[in-house]
Amino acid sequence: SQKIEQNSEALNIQEGKTATLTCNYTNYSPAYLQWYRQDPGRGPVFLLLIRENEKEKRKERLKVTFDTTLKQSLFHITASQPADSATYLCALDRDDKIIFGKGTRLHILP
Amino acid sequence: DSGVTQTPKHLITATGQRVTLRCSPRSGDLSVYWYQQSLDQGLQFLIQYYNGEERAKGNILERFSAQQFPDLHSELNLSSLELGDSALYFCASSVQGWGHTGELFFGEGSRLTVL
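Protein sequences appear in the order of chains A and B. So for the first sequence, this note's numbering puts the first residue at 114; every next one is plus one. So for the second sequence, this note's numbering puts the first residue at 309; every next one is plus one.
Quick caveat, the hints were computed from the structure, so don't treat them as lab data. Note that the coordinates shown come from a computational prediction; the quantities given were computed from them, not determined experimentally. Misleading hints may appear alongside valid ones.
Some chain A residues near chain B, calculated using beta-carbon distances under 7 Å [what the hints assert, rightly or not]:
id, residue
1, Tyr-141
2, Ala-196
3, Arg-207
4, Asp-209
5, Lys-215
Sample of chain A residues with no beta-carbon within 12 Å of chain B, all distances over it, derived [claimed, not checked]:
id, residue
6, Gln-119
7, Ala-123
8, Leu-187
9, His-189
10, Ala-192
C-beta atoms are modelled at their ideal positions from N, C-alpha and C, and glycine is treated no differently.
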């Protein structure tokens, strides 16, 4: 069955450094992959979408890569700030559904 | 503010009861998705509607049902509630039904506690 794996352990990064989060998937080739941010008790908020024919996408301090051979997406936050602390979810499409990974909690330490 | 409205925000009820969660999508969005989020399971896809018709189904229990009305709002009905149904229930909407349409806009969720 389709699996999406994100680091279940929290990631602690020093302020100003680059945070890199990983999303791996198996048993499928999605047409695109999305990244969302979720704050405690709030709904997820869309950040970036990358299509299967795109290697990299950028938006301000965010960068996403998509390697369909490795079945992996990397999500980077450069010049990280404490306000970037949140849970980050990756999501992909499968059979008319958008399914989510469990997310990685990111803590940016001042 | 995503433009997606969910009510109620919080709901406490007893086992065996039935509740209805309501979602109003963003203006112009035809598609509504329901997700369940618990601490150990993450966001689980339940069901999707597009313009009033069921479009895709996830691991939705038989005790749960949903519908999308002509005005495009949607309701998720949960019956014979069990302790394990306690979770955050999210509604999301998107412009189109599918086909690489892009982002989902999520509401703030309805937190259900079953005692």
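Taking the hints in turn, this is what the structure says about them:
1. Tyr-141: 14 Å, violated
2. Ala-196: Nearest chain B Cβ about 18 Å off; hint violated.
3. Arg-207: At 9 Å from the nearest chain B Cβ, A:Arg-207 fails the 7 Å test, so the hint is violated.
4. Asp-209: OK, holds: A:Asp-209 within 7 Å of chain B, min 4 Å.
5. Lys-215: The hint holds - A:Lys-215 has a Cβ within 7 Å of chain B, the shortest such distance being about 4 Å.
6. Gln-119: 9 Å, violated
7. Ala-123: 14 Å, holds
8. Leu-187: It holds; A:Leu-187 is separated from chain B by about 20 Å at its closest Cβ, greater than 12 Å.
9. His-189: 19 Å, holds
10. Ala-192: At about 24 Å from chain B, A:Ala-192 clears the 12 Å cut-off, so the statement holds.
The structure shown violates the earlier hints numbered 1, 2, 3 and 6.
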